[in-house]
Amino acid sequence: GEEPLFTNFTGPPCNFVGTLDYIFYQAKHVRPTHVLALPTEDTVRAEHCLPSTRFPSDHLPLLARFAFTDGALPVPSADGQQSFLRPPRINITHDPLAADGDPGDAAMSATPLPEDMLVSPT
28 GEEPLFTNFT
38 GPPCNFVGTL
48 DYIFYQAKHV
58 RPTHVLALPT
68 EDTVRAEHCL
78 PSTRFPSDHL
88 PLLARFAFTD
98 GALPVPSADG
108 QQSFLRPPRI
118 NITHDPLAAD
128 GDPGDAAMSA
138 TPLPEDMLVS
148 PT
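Its first residue numbered 28, the sequence shown is counted upward by one per residue in our numbering.
Hint data in this document are derived by calculation from the structure and do not stem from the laboratory. Virtual Cβ for every residue (Gly too), placed ideally from N, Cα, C. Just so you know, not all the hints are guaranteed correct.
Here are the simulated SDA-like cross-link-like pairs (lysine to any residue), alpha carbons at most 25 Å apart as the crow flies [claimed, not checked]:
hint: 1; residue 1: Lys55; residue 2: Ala94
hint: 2; residue 1: Lys55; residue 2: Thr96
hint: 3; residue 1: Lys55; residue 2: Phe93
hint: 4; residue 1: Lys55; residue 2: Arg92
hint: 5; residue 1: Lys55; residue 2: Glu30
hint: 6; residue 1: Lys55; residue 2: Leu89
hint: 7; residue 1: Lys55; residue 2: Pro31
hint: 8; residue 1: Lys55; residue 2: Ala91
hint: 9; residue 1: Lys55; residue 2: Phe95
hint: 10; residue 1: Lys55; residue 2: Glu29
Each pair of labels, with its calculated beta carbon distance range [claimed, not checked]:
hint: 11; residue 1: Ala94; residue 2: Gly45; range: 28 to 36 Å
hint: 12; residue 1: Arg72; residue 2: Phe95; range: 14 to 22 Å
hint: 13; residue 1: Pro31; residue 2: Ala73; range: 17 to 25 Å
hint: 14; residue 1: Asn42; residue 2: Thr67; range: 12 to 20 Å
hint: 15; residue 1: Pro78; residue 2: Tyr49; range: 18 to 26 Å
hint: 16; residue 1: Thr46; residue 2: Thr96; range: 24 to 32 Å
hint: 17; residue 1: Thr46; residue 2: Ala94; range: 23 to 31 Å
hint: 18; residue 1: Phe95; residue 2: Pro39; range: 28 to 36 Å
hint: 19; residue 1: Tyr49; residue 2: Glu74; range: 37 to 45 Å
Build out the structure end to end from the sequences listed, making use of the hints.
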């Protein structure tokens, strides 16, 4: 996918609009199939900046669904032979309000994604 136009949108005194948050992955092993649609600049500007009543953090949450590129992961067994494990579908989320409210924390979830809010990565 492409880098979003912004994940942080602050007002005075900084007036910063830019991307500070990312989900890193190795394309050799996984590929994004869906990402959470982020709000437009006009949507955020409706309340001047972040945080707002609609977006309670100055960082937007990132969410992506990934598929394993080869469909299975090699797993070494006790006898040294490789077997293949079909991994479960997981959702990787960067939620600024996750865990104990520490903005640096990220959360991993195995819950279903909100399908109506997902788009294919460009």
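We went through each hint and held it up to the structure:
no., hint, in the structure
1, Lys55 / Ala94, "holds (11 Å)"
2, Lys55 / Thr96, "holds (7 Å)"
3, Lys55 / Phe93, "holds (12 Å)"
4, Lys55 / Arg92, "holds (16 Å)"
5, Lys55 / Glu30, "holds (19 Å)"
6, Lys55 / Leu89, "holds (21 Å)"
7, Lys55 / Pro31, "holds (22 Å)"
8, Lys55 / Ala91, "holds (17 Å)"
9, Lys55 / Phe95, "holds (9 Å)"
10, Lys55 / Glu29, "holds (17 Å)"
11, Ala94 / Gly45: 28 to 36 Å, "holds (29 Å)"
12, Arg72 / Phe95: 14 to 22 Å, "violated (39 Å)"
13, Pro31 / Ala73: 17 to 25 Å, "holds (18 Å)"
14, Asn42 / Thr67: 12 to 20 Å, "holds (18 Å)"
15, Pro78 / Tyr49: 18 to 26 Å, "holds (20 Å)"
16, Thr46 / Thr96: 24 to 32 Å, "holds (25 Å)"
17, Thr46 / Ala94: 23 to 31 Å, "holds (24 Å)"
18, Phe95 / Pro39: 28 to 36 Å, "violated (45 Å)"
19, Tyr49 / Glu74: 37 to 45 Å, "violated (25 Å)"
Checked against the numbered hints given earlier, this structure breaks hints 12, 18, 19; the rest are met.
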